[in-house]
Amino acid sequence: MSNLDQVFVTLLHWVVGLVPASLQPWVSTLVIILAIMTVFGTCFALTTILERKILGRMQNRYGPNRVGPCGLFQPVADGIKMLTKEDIVPFSSDQVVHFLAPLVLTIPIWLAFAVIPFGRNMTAIDLNAGLLFFFAIGSASELAVFMAGWAGQNKYSLLGAMRAVAQMISYEVPLVLAAVPVVMLAGSLSLNDIVQAQSGYIAGGLPRWNVLTPWGLAAFIMFLIAATAESNRSPFDLPEGESEIIAGYLTEYSGFKYALFFLGEYMGLFAITSLAVTLFLGGWHAPLPVLEWLPSWFWFGLKFSALIFGFIWIRATLPRLRLDQMLSLAWKFLVPLALLNLLAAAVWHWSGQCRLFPGSMAVRWLVCAAILVFPGIRLGRSLNGLSATPRQYRYAK
Amino acid sequence: MLGSGIIRGMIETGRNFVGSYFVKDRLTTVQYPEEKLAPQENARTIPFLVYDGDDAAAGLRCTACTICEQECPPKCIYIIKDKAKKPDFVGKMQLFPAVFDIDISVCMSCGICAEVCPFESIKMDQVFTLSSDTRFGSLLLHKEQLAKSNDYFRKIHPTDATAIDAERAETKSKAEAKARAAAAAPAAPAVPAAPTKAVTP
Amino acid sequence: MQTLEQLKVRLETAVPGARIEIVPNGSPANQPSLLIDREHGRAVAKFLRDDSDLRFDYASNATGVDWPEKTIKEKIKTRKIVDGVEKEVEEVVEKKTAAYLEAVYHLYSMALGHGPLVIRLRTENRSDKVTLPSLTPIWRSCEFQEREIFDLFGIVFEGHGDLRRILMWDEFTDHPMRKDYVDPDDYEYEPTPHDRVLERARLHYPPEATA
Amino acid sequence: MNGLTDKTALNPGAARVTLDHDLLEVAMGPHHPSTHGVFRMNLVLDGETVVRLKPVFGYLHRNHEKIGESNNYLGSIPYTDRLDYICSMTNNWAYVLSVEKLAGISVPERAEYIRVIVAELTRLFNHTCQVGFLLQDMGALGTPLMYAFREREKILDLFESLSGARMMHNYMRFGGCRCDFPAGWVERARSVVAHYPTFLDQFEALLSGNEILKVRTQKVGVLPAALAINAGITGPMLRASGVNYDIRKVDKYGVYDRFDFSVPMGEHGDVYDRYMMRILEMRETLKILNQAISTLPEGPILDPKAKLRNLRPKAGEAYGRIEAPKGELGFYLISDGGPNPYRYRIRPPSLINLTILEDMCLGHTVADVVVILGSVDIVLGEVDR
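Residue numbers (my numbering), protein chains in the order written: chain A, 459 to 855; chain B, 58 to 258; chain C, 35 to 245; chain D, 4 to 388.
The set of hints was computed from the structure by calculation and includes no laboratory data. Ideal Cβ positions, reconstructed from N, Cα and C, are used throughout, including at glycine. Take these hints with a grain of salt, some might be off.
Not close to chain D: a few residues of chain C, all C-beta gaps over 12 angstroms, as computed [to be verified]:
1. 38
2. 49
3. 87
4. 95
5. 120
6. 129
7. 186
8. 207
9. 210
Taking lysine-lysine pairs in the DSSO-like style, the calculated list, with each CA pair at most 27 angstroms apart, reads [unchecked claim]:
10. C:130 with D:69
11. D:317 with C:107
12. C:213 with D:317
13. C:109 with C:130
14. D:57 with C:163
15. B:93 with D:317
16. C:104 with D:157
Negatives, chain A to chain B, calculated, CB over 10 angstroms [as the list claims (entries may be wrong)]:
17. 471
18. 473
19. 749
20. 751
21. 763
22. 776
23. 833
Could you build all of it, start to finish, from the sequences and the hints given here?
Here it is, written out as structure tokens:
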């Protein structure tokens, strides 16, 4: 069964074998880059069409089904439309910055895929500080978004840029803080070691994933909330709030540059989702020992698409938060809880070491959960200022 | 619980997502060019002139009384009366329109002309694919393009058409009965009728 | 709510010097109205709103009406000597009615729930700078409606605070809802011009076409 | 509310703001995704909070009242469809009610019931669409709006089979209605009304409990009751501020006094209360519809004495008003005995409900302005006439 699991690795070695020894390192990285770009390129195309079809189905309509069999060639049509559309650059805008913004957004995002372990020893470059590299790359998109908004010389894009900077910086902190307990427990920054730390099964049943520990579940939820905000998706799509500020920082872009922004946004979403899968859902590990026979990259793909479906589902349901609510959610709710989560992870680890608690698993769960749940609910309730009792309405005859 | 409202909302969209594959009522889209929705019986778009029999010019019911031209709010009907006369379905000599234009770029399909017409000659059609390339030429429908047969009228508005046909048949039979009685009557009293000039109704 | 006559008496006592008349209404809707003179308009309105048992706190509708000069023929009976005999004879006299612009307000009371009280304020003539006291400081609902009367009729409301054109663009000079408003000649070719549209269209035909 | 924006003074023009350098002047509209039509707001922003808001109208002004003066009474009916183009049945009714008051025409029993049924169906899908548009302004990408439009299609099909057109019905005449219910219409109407409560429960499950919606709408755009009455606000907005004024109960026009229904009222007067008003009013409307459909009498639908074509009411004037879904819709007609009305005035609830838009929006952010405007529920055909 392992040859199906290692099919891509053997393929790579076969291709590299065809080339003389001096060129081999170059060719192998080139092939890996090509592989990642094609896989995630088609994944981008598929996601645009799947998002519109799933949104459609949730709204009792079909979604695009005219171009190709049930709409599968729609991304091709969109691509051609984007390429042939005239690329308007407003006269009063700053031409250089207006041109650079989409590039500064999309190029770094591709680098983030270098450190993600897609399958058993299928990692492009196994940096021992992989997580640090990922977050360093991830923070380049704020600059790009602000450049886009500022260059447009348009009031709405300026508002959009201000909102984008406020949102993405203030959600960088909970994003990183949510990843810190994983690093604490795994003891290494390398994503391969983190996935390795989540291998194995407890008493032959539950996998040893981080998400199945109390601190892991809390960190996973916080990571997802921060990830939605980082990739400007639904409850946090303030930078391009369609109904308020037309299209925010995207207002002045059309044609290919708009397609690049679109690509950058989705690649950011894929990168953050694959990181969430690696950190919390046990990377490419199978959920049950009996399912080990399926290849490791299949499991990575399955978890990845489950999370993408979750993001689309959230987008179909939730209205948008206001600027001050979004910021107070980040600074007053997520950051304190993330810090508390560090304490919970420490208690989890310490109680695991010293066997102090009898019947340890259930009690450890309760203690760590208690540390997180009670302050969380009290903080949440006091934060949003909603009256506890629902409102009453009088009726006049 | 803090997020319970959001979760209930997610369940609702989830139910719609799953439902759209199984529950017929959830997916109401009609794929227009392939599946066409049958128009409601009373639907109305632009007016058309009804003619009996098969020849449009002869069987046109319209008697150019211009009531519809006066009552049309946006004033898009334009009638010129013809000098000659032709008998209508009861045999009475009636005028008929030489020119009957409706400017369907001005018409707002309100149906007032069909409502006020005393001769049941202008009715509301159900055709809505009316776009054309030239702005003026083809949006001005002349008498020939407006005239459609009574069977077409019976096809698109069955209940109204049958009611009107029954009523016309009844007036026609009453008129013939009166005509026969009038024809039979002068033979009996043989009173020398005063030389009246041709009685125009 | 008492009848209009009692109301008229109450108002004249409450607001000294106010000259109020009752304008009859011929239609079966029997909504006669109170004509109030310009100087005491706002004082009467304030009293109508603040009085304890009237409490007209809701000005539902404020609109303008244009009454241009009309010549009406009136039959009046005069005693005239006709060929030496003193006789009643009917004579037709041409009479010109007064021309004025009018602002009509329909007042309701949400507190007590009683029905429409119609009050009218009339300007002295139909020239351009005719003024009326604005009732916006008393009922805020008249703010946009008085701006519309100013825009479409040309009545200037003093004390309105933000009197600008509301529907037409600011550089527009004329008042479209007046009876003697002449449409701008924005001619556009129409395939079937007839009656009014035809005359206006004919001006734009090339000379030989209108033969 | 800081000093600059306390608008207690009733004179709206008083707060003259000198534009210093860091205030941003943004024109929101007339071409803007969430102004519900061609409506512009000149916003002066300090960062994101609104310092001054001046609404600008007139982009859709076609002088409907001047056209009304050059049309005869029958010819104006199709034009009233184009006022508030979402609920054209209630526009027809308001106009026809005032003409009946002006000319003294009576309406037979069955026509009154048909008018109540048709007007309440219009109120039903107008409130559903308003909630859909409000959520669309809040950023819920189309899901509530698609559910709302799915329900609206059912009612539009009913209207198409009744009057011939989906939106431009031109259905009511002086002294009754143009045509009776076609065969099977009452059963279809009964099934649509029967299914509606389940749809409303799903809608509330999706929306009313949603924390983001609550946080975005509670205590936003608060309208005190005294200012609401003084500014002539009518309809669900007024009742959300706790004022018990529903013209169906006050004037008792039509046969509304025969149906028992109650009038919901809020107490905070913010956007959430207005949203709840529309949901609760829909439930009351369903009660009226059930009673009206079950007790529909037989009989003529048009008063035989009513003249259709050259109606010449005696000289005089009349002001008729109804509870349209957006507020009090009134027609003020002056007749001088001729076939055309001398003065033809429409009291537009949407325009007058916008009087206090600036008072509600001051101190809030741009995102709130969009939500508050959505809660006012305006249609530009009626605002600009």
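Against the structure, the hints come out as follows:
1. For residue 38 of chain C, the condition that its CB be more than 12 angstroms from all CB atoms of chain D holds, with the nearest at approximately 15 angstroms.
2. For residue 49 of chain C, the condition that its CB be more than 12 angstroms from all CB atoms of chain D holds, with the nearest at approximately 21 angstroms.
3. Interface exclusion of residue 87 of chain C from chain D stands, the closest Cβ pair being 17 angstroms apart, more than 12 angstroms.
4. Once the 12 angstroms rule is applied to beta carbons, residue 95 of chain C is inconsistent with being away from chain D; the minimum gap is 4 angstroms.
5. Non-interface call for residue 120 of chain C relative to chain D: holds, since the shortest CB-CB distance, roughly 36 angstroms, exceeds 12 angstroms.
6. Residue 129 of chain C, annotated as away from the interface, keeps every beta carbon of chain D farther than 12 angstroms; the closest lies near 16 angstroms.
7. Once the 12 angstroms rule is applied to beta carbons, residue 186 of chain C is inconsistent with being away from chain D; the minimum gap is 8 angstroms.
8. Listed as outside the interface, residue 207 of chain C is consistent with that label: its C-beta sits roughly 15 angstroms from the nearest C-beta of chain D, beyond the 12 angstroms cut-off.
9. At roughly 6 angstroms, the least C-beta separation between residue 210 of chain C and chain D is not larger than 12 angstroms, which violates its mark as non-interface.
10. As the CA atoms of residue 130 of chain C and residue 69 of chain D are separated by approximately 25 angstroms, the hinted pair is consistent with the 27 angstroms bound.
11. Between the alpha carbons of residue 317 of chain D and residue 107 of chain C the distance comes to roughly 18 angstroms, so the proposed pair stays at or under 27 angstroms and holds.
12. Distance hint between residue 213 of chain C and residue 317 of chain D is fulfilled; the C-alpha atoms sit about 21 angstroms from each other, no more than 27 angstroms.
13. For the suggested pair residue 109 of chain C and residue 130 of chain C, the alpha carbons sit about 14 angstroms apart, so the restraint of at most 27 angstroms is met.
14. This hinted pair checks out: residue 57 of chain D and residue 163 of chain C have alpha carbons roughly 26 angstroms apart, not beyond 27 angstroms.
15. Annotation: proposed proximity of residue 93 of chain B to residue 317 of chain D is violated, straight-line Cα distance about 50 angstroms (limit 27 angstroms).
16. For the suggested pair residue 104 of chain C and residue 157 of chain D, the alpha carbons sit about 53 angstroms apart, so the restraint of at most 27 angstroms is broken.
17. Here residue 471 of chain A stays apart from chain B, with its beta-carbon at least about 43 angstroms from theirs, past the 10 angstroms limit.
18. Once the 10 angstroms rule is applied to beta carbons, residue 473 of chain A is consistent with being away from chain B; the minimum gap is 42 angstroms.
19. With a minimum CB-CB distance of about 25 angstroms to chain B, residue 749 of chain A clears the 10 angstroms threshold, and the non-interface call stands.
20. Against the 10 angstroms criterion, residue 751 of chain A stays outside the reach of chain B, whose nearest CB is about 30 angstroms from its own CB.
21. The Cβ of residue 763 of chain A sits about 15 angstroms from the closest Cβ of chain B, beyond the 10 angstroms cut-off, so the non-interface label holds.
22. Interface exclusion of residue 776 of chain A from chain B breaks down, the closest Cβ pair being 6 angstroms apart, not more than 10 angstroms.
23. Against the 10 angstroms criterion, residue 833 of chain A stays outside the reach of chain B, whose nearest CB is about 12 angstroms from its own CB.
Violated hints, in rising order: 4, 7, 9, 15, 16, 22; the structure is consistent with all others.
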